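Using my numbering, the letters of the sequence shown correspond one by one to residues 163 to 310.
In short, the hints are calculated from the structure, not lab data. Please note that a few of the clues may not be correct.
List of simulated lysine to aspartate or glutamate pairs, DMTMM-like, C-alpha gap at most 25 Å [said to hold, decoys possible]: (1) 253 to 239; (2) 289 to 259; (3) 177 to 195; (4) 256 to 242; (5) 175 to 222; (6) 198 to 188; (7) 185 to 195.
Owing to the predicted nature of the structure, the values given are computational and were not obtained by experimental measurement.
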Amino acid sequence: MKTEEKKVGRRMKRKEKEELVRKLYEQGYTYREIAKELRISVRDISRILREEERKDEIKEIKEELERLRESVDYLYEFLDMISEIGTYYMKKCKYYDGTFCNRWYWKSKPVHLINKHKLEAKEVNGKWYLEATPEFCLGCRGYEPKEE
163 MKTEEKKVGR RMKRKEKEEL VRKLYEQGYT YREIAKELRI SVRDISRILR
213 EEERKDEIKE IKEELERLRE SVDYLYEFLD MISEIGTYYM KKCKYYDGTF
263 CNRWYWKSKP VHLINKHKLE AKEVNGKWYL EATPEFCLGC RGYEPKEE
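Take the sequences, apply the hints, and build the full model.
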């Protein structure tokens, strides 16, 4: 079981020892056999091999992170496109007065919507109207184009 790379008369450098540990492990040697052959502790062997596994895990995580970044970029582009479409409909809708949507109203102040979406609201003759946003206008079924 003598290794060819074993240097006679001098101590191996740390990198050489780590490479030799990996090579012997890949050849099927046990931790105990490697420890005996290279005169290092089983704990050091475990640390060296675990470090190699971590490098592989880090590489996989970085690849996954890059894929996620690409997906996020795509979603932002899609969100911008949807927002532009919503803005177009909002500005062309006859119920949009420049700030508020006059199509939908509530009899009492819709606090849950105001807080959740951080919207402005106004009361006119006992009816509460909400600030128009591209997101709401895009999903609105009450759209009617302005008469020009």
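Violated hints, by number in ascending order, as checked against the structure: 5
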